[in-house]
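Participant: Starting from the known structure of chain A, fit chains B and C onto it as the hints suggest.
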Amino acid sequence: MSLLLFDVMQLLGVRSDAQLVGDPSTVIDRLSPLESAGPQDLAFLSNPRYTAQLASSKAACVIVSTAMRQPAVERGCSIVASEPYYCFALVTQLWKQRHPGLSDLSAGHIHPTAFIDPAASIAVTASVGAFACVEAGAVIADGVNIGSHCSIGHGAHVGADSHLSPHVTVMHGCFIGERCVLHSGAVIGADGFGFAPHAGQWVKLEQLGKVVIGNDVEIGANSCIDRGALDDTIVGDGVKLDNLVQIGHNVRIGNHSALAGCVGIAGSTTIGAHCTFGGGAIVLGHLTLADQVHVSAATTVTRSITQPGQYTGLYPTGSHADWEKNAATLKSLHALRERLRLLEKAMGVREQRK
Amino acid sequence: MSLLLFDVMQLLGVRSDAQLVGDPSTVIDRLSPLESAGPQDLAFLSNPRYTAQLASSKAACVIVSTAMRQPAVERGCSIVASEPYYCFALVTQLWKQRHPGLSDLSAGHIHPTAFIDPAASIAVTASVGAFACVEAGAVIADGVNIGSHCSIGHGAHVGADSHLSPHVTVMHGCFIGERCVLHSGAVIGADGFGFAPHAGQWVKLEQLGKVVIGNDVEIGANSCIDRGALDDTIVGDGVKLDNLVQIGHNVRIGNHSALAGCVGIAGSTTIGAHCTFGGGAIVLGHLTLADQVHVSAATTVTRSITQPGQYTGLYPTGSHADWEKNAATLKSLHALRERLRLLEKAMGVREQRK
Amino acid sequence: MSLLLFDVMQLLGVRSDAQLVGDPSTVIDRLSPLESAGPQDLAFLSNPRYTAQLASSKAACVIVSTAMRQPAVERGCSIVASEPYYCFALVTQLWKQRHPGLSDLSAGHIHPTAFIDPAASIAVTASVGAFACVEAGAVIADGVNIGSHCSIGHGAHVGADSHLSPHVTVMHGCFIGERCVLHSGAVIGADGFGFAPHAGQWVKLEQLGKVVIGNDVEIGANSCIDRGALDDTIVGDGVKLDNLVQIGHNVRIGNHSALAGCVGIAGSTTIGAHCTFGGGAIVLGHLTLADQVHVSAATTVTRSITQPGQYTGLYPTGSHADWEKNAATLKSLHALRERLRLLEKAMGVREQRK
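Protein chains in written order, with numbering that gives the first Met the number 0: chain A, 0 to 353; chain B, 0 to 353; chain C, 0 to 353.
None of these hints come from the bench; they were simulated from the model. Wrong hints could be hidden among the right ones.
One side only, chain A facing chain C, incomplete, derived with CB under 7 Å [unchecked claim]:
(1) GLN92
(2) LYS95
(3) SER147
(4) ASN221
(5) ASP241
(6) GLN306
(7) LYS330
Every value quoted in this text rests on a predicted model; they were computed, and no experiment measured them. Beta carbons are placed, not taken as given, at the ideal position from N, Cα and C, and that holds for glycine.
Just chain A, same shape as in the assembly (with noise of 0.2 Å):
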């Protein structure tokens, strides 16, 4: 498995300002990280920080910043581009796209053990894998790859160019767009978690709305996108979920949307567009989030929130002692404040409200 820079630079040229100083004739072997790279390695180095690993480092060619121009010209071959993690980017594509033993996705075929309904719409360039099912009235189009195992239901559509590993269920009437990446154990439909309370027990109410997906979305393994009660749960383009990540039913997320691995977003919420969630982050439901709002690791969003920006709040970690002894005042922490606004009442000093 190899690449030439020429043809690393064929293609960053036209979808990039990079520049190669150096010799495009080098071969690269691999695409390594910089403190590791090997001498047949292409690396980058986008972090400042790490610059220190640079002139010792001993890739065939590194992937810079201008403002690292210098150095790393001095060092040897680079290539030198505004954004080098994104020219980064498109170098592994361009490697797999190179590569296609890499994946599990097979070439253009339905696999003898797929059943597929006399009554779905298969594209001739679509691939299905084993045991796949395709239920009566999909439609899957051109150039899809369907995995192993995966469960399409009636009436469901999986766009253009979408990929779906194995063990993929897209339920019945959902709608998949075009160069989505589904991966293995994703659940897009299921019902949504809907009860009515009436004596002492919990009344379904059954979930009549889908799920509807946009263009160039990424959803992890194991991942729940769940249908509307009503109406549609939507997930907007180029959206991206982690492993693992719950979406209530009526959610809607704004284009290009990331979450982190773990996230749950209760039913009803609507998250703005470039939108980043850090794992484990919880959002309450019937709320509403402004677009650029950035919610940290690990943070229960309780109120709606209006203002781009970070929003934090995880209890910070320490020793188990210390936690101990602070989280035992932080019980009594309202007392303790009517302590001190006793102790500033009884010096004549006033309160300074915040």
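Facilitator: Just chains B and C now, with coordinates in the frame of chain A:
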């Protein structure tokens, strides 16, 4: 797809105190949220907060509480009931029943690609989907619907009229009650997490119990209920679990409790009846929670709870800058309390212990 | 199903220092918890807290620690050992081995519905379940048991005597060691979450590494271990993961660490050996945790940890009313500290910095 209000009232008249104020021959084409309902739609209003939407709603008919009778009737056709949300839930069930195409569940037959061990017992009225596997000794009762790719282990039991979506795993010996709904990717009866430390390694305790699930239980997508170590893990009647919920071995969940998404209950904990858990809540192991305990989202329960009530423990979320300041102070909260105590002492104030 | 204490001691005599005080011909019909054990049952007592249950237990025999020898022997038949919990674990293994019907794993054969690519290599002593799919180049070693509906990707390797429950996905090129146990829904080798921001969108970094899992590793139901971006994601020998655990790309987990349910480890973090993580703990990315670090449940680790020990950071849970008061105060904690400082200054007290 449509219903007459006459059909709706035939159901609600038997199951509730609902009364129609309007024309029973009104045709309903859709069930809709109040704010977006069109002139052929049936909507409901249960939260008085949204009363303002009532007057402007274009809905053909709105189900409202008795307290809302007057403004509703002034607007137009109304169904008045003491429990409007419950009534609406019943209508969604009627809707789905009348429109069976809304589901991936096949009608009463064994898919030719399914594998059923000759020593399994399948009721004549049960259905089994594509590539489902039913092992020896398993019992599939009347009216059960097993989705595609389900795996029903040796000697497992699925009670009458239960519905399993595609990709559900029920491991050997586990018992599912009647009228249960299991969503895709749910795993019932994987091994509990039990290991004995020995010489710096973990030695497995084989998990010899099973999972016993009552009637009318719903289990969300990719949720897991582990089999017991020695005794069984038990889920009571009417319990509702959302997606990505983890139930450890030997947990017992009382009847009609409801757990939202991403909740985790650690092993050997006993949960009472009629409890609720917000999304992302964690309950440690070997605890006992009384009936009617309500745990807020993202709250961690570290001790048993003997009294009904609402329990909360989550760090309040604000701007990251504010969090940084407050979290830093939190790490020395105990010292702060001590400083306050010293001040009080210096001023001759007796500490007011809470 | 039964065992003689003679059989039990044949095992424990070799693997431990256990001694039987009683009749080796005693028949054991069941392994039970101490408090519910009947007169044909074998139980154990490892936690001195439950000593009171010993005297009243009806168990045929109880495994106890050497410290408990006297009260145990006074009660009746006992097995005395320095590690009673470990001994009991060994007995559960013996029990399962003698009762193979307790498992869904089929005995050494290829199910006729399985699909095995002609270019895959399956050991003669391996079994493959219904509808399992083994792709070209995959290697299934001796004694391996592949459950129904498993998907083993191109060039993946499953080491000797490993057991995969139904619905496990092992993606292309991933490596599973020997004697591993993977529970249903586990996904090994889905893409890591890597995207470069560019022009307001996310550009995918193809994930070119793989997952390498050591020997004696157990992975819970619906847990996910992502493939590395460039290098591999590595899970050491003897590591135990519970259900719904998320391991990001390029994480390294040291030998014999254990992670409880719903834990998430973000990308490029290195975890030491013999670490433990309570349920719902989150570790941010690019951190390093030393050996023997123990992270409490629901705790978020935001910085590297260099010293062994117990680390905690979770908001203490109480009544919702108390929480409301204290959480409100917490939002102005920094201001509170400032007020205290001013008071101290006013009184001429020197701030006692911690």
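Participant: All hints, please: hold or fail.
Facilitator: How the hints compare with the structure:
no.	hint	result
1	GLN92	holds, 6 Å
2	LYS95	holds, 4 Å
3	SER147	holds, 5 Å
4	ASN221	holds, 5 Å
5	ASP241	holds, 4 Å
6	GLN306	violated, 16 Å
7	LYS330	holds, 6 Å
Checked against the numbered hints above, the structure violates only hint 6.
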